[in-house]
Amino acid sequence: MAAKKESNRTTVEQKSDTEMVVTRTFDAPARIVFEAWTKAELFQQWWVPKSLGMALRSCEMDVRTGGSYRLVFANSMAFFGRYLEVVPNSRLVWTNDESPDGAVTTVTFAEKAGKTLLTLSERYPTKEALDASAGSADGLPESFAQLDAFLAGR
Amino acid sequence: MVQCDSTRFDATFAALADVTRRGVLEQLGRADASITELAAKFRMTLTGMKKHVGVLEHAGLVRTQKIGRVRTCTLGQRRLEHEAEWITQYHRLWTARFDALDAVVAELKSKEIAGGRKKRK
Numbered sequence: 042m043a044a045k046k047e048s049n050r051t052t053v054e055q056k057s058d059t060e061m062v063v064t065r066t067f068d069a070p071a072r073i074v075f076e077a078w079t080k081a082e083l084f085q086q087w088w089v090p091k092s093l094g095m096a097l098r099s100c101e102m103d104v105r106t107g108g109s110y111r112l113v114f115a116n117s118m119a120f121f122g123r124y125l126e127v128v129p130n131s132r133l134v135w136t137n138d139e140s141p142d143g144a145v146t147t148v149t150f151a152e153k154a155g156k157t158l159l160t161l162s163e164r165y166p167t168k169e170a171l172d173a174s175a176g177s178a179d180g181l182p183e184s185f186a187q188l189d190a191f192l193a194g195r
Numbered sequence: 007m008v009q010c011d012s013t014r015f016d017a018t019f020a021a022l023a024d025v026t027r028r029g030v031l032e033q034l035g036r037a038d039a040s041i042t043e044l045a046a047k048f049r050m051t052l053t054g055m056k057k058h059v060g061v062l063e064h065a066g067l068v069r070t071q072k073i074g075r076v077r078t079c080t081l082g083q084r085r086l087e088h089e090a091e092w093i094t095q096y097h098r099l100w101t102a103r104f105d106a107l108d109a110v111v112a113e114l115k116s117k118e119i120a121g122g123r124k125k126r127k
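Read top to bottom, the protein sequences are chains A and B. Remember, the working numbering sits 41 above the position in the first sequence when you count from 1. Remember, the working numbering sits 6 above the position in the second sequence when you count from 1.
The hints are simulated quantities; they were obtained by calculation from the structure and are not laboratory data. Yeah, the Cβ is synthetic: ideal placement off N, Cα and C, and Gly gets one too. A few of these clues could be false.
[Claimed, not checked] Sample of chain B residues with no beta-carbon within 12 Å of chain A, all distances over it, derived:
1. Thr26
2. Thr42
3. Thr70
4. Ile73
5. Arg75
6. Arg103
7. Ser116
8. Lys117
[What the hints assert, rightly or not] Derived EDC-like pairs (lysine to aspartate or glutamate); straight-line CA-CA distance at most 16 Å:
9. Lys91/A x Asp108/B
10. Lys115/B x Glu126/A
11. Lys156/A x Asp108/B
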């Protein structure tokens, strides 16, 4: 059990001034993992986990090259963008257009012996954009929770 | 929202990229020390240790103060915490997401196995 946990660990690495990379292995073939990223009803079950104290109000995804997506949180904050590349069971690339300095996210699914190594990269247009995001966007879960609490208290 | 000073951010990562400097930070986390003491601890020349401490000081991770003939090093305030904090938060976000994704994937997999059995009768 402990060994399994170890191999399925989430790793985070800052690859360069403008790129963050996250990896994780899932114990399922790539087509199953890919399905969980591309069907809205599945995607919203995990993209905003309960432990983050947030809730999604809606999730629309038109997963094909050139298609767009839009996620709206309970507090009306929206995240949206376009799919630049959709290669079934192997690769997804999308923009994050809610900010002019938004990253381009690339997700690759590499299957090996029935398991899938997932690699997610967030590439920012500039070093400043990544640094700004480091100070703010990754604090978003917390800010959302605070905003929600604030709105609930009104 | 907090915005990092990118130059200092770089200096911090560069400072942390070296095993001796990380050791020095760990050591100073336990107790203040003079450069002479640090040099002895890490089996290094005084000049070599001065250079490492200089890099850490430049990054704001360490402060030094000369009292008499001894230069004492102490841990700088908050700098390390800030960088460590956002990486930790980023890691926490993705770990939470991927743990939840793991559960969704496991469910899909078991459904597929059950469905496959049915198809094959």
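Evaluation of the provided hints:
| no. | hint | in the structure |
| --- | --- | --- |
| 1 | Thr26 | holds, 21 Å |
| 2 | Thr42 | holds, 35 Å |
| 3 | Thr70 | holds, 27 Å |
| 4 | Ile73 | holds, 36 Å |
| 5 | Arg75 | holds, 40 Å |
| 6 | Arg103 | violated, 6 Å |
| 7 | Ser116 | violated, 10 Å |
| 8 | Lys117 | violated, 10 Å |
| 9 | Lys91/A x Asp108/B | holds, 14 Å |
| 10 | Lys115/B x Glu126/A | violated, 25 Å |
| 11 | Lys156/A x Asp108/B | holds, 12 Å |
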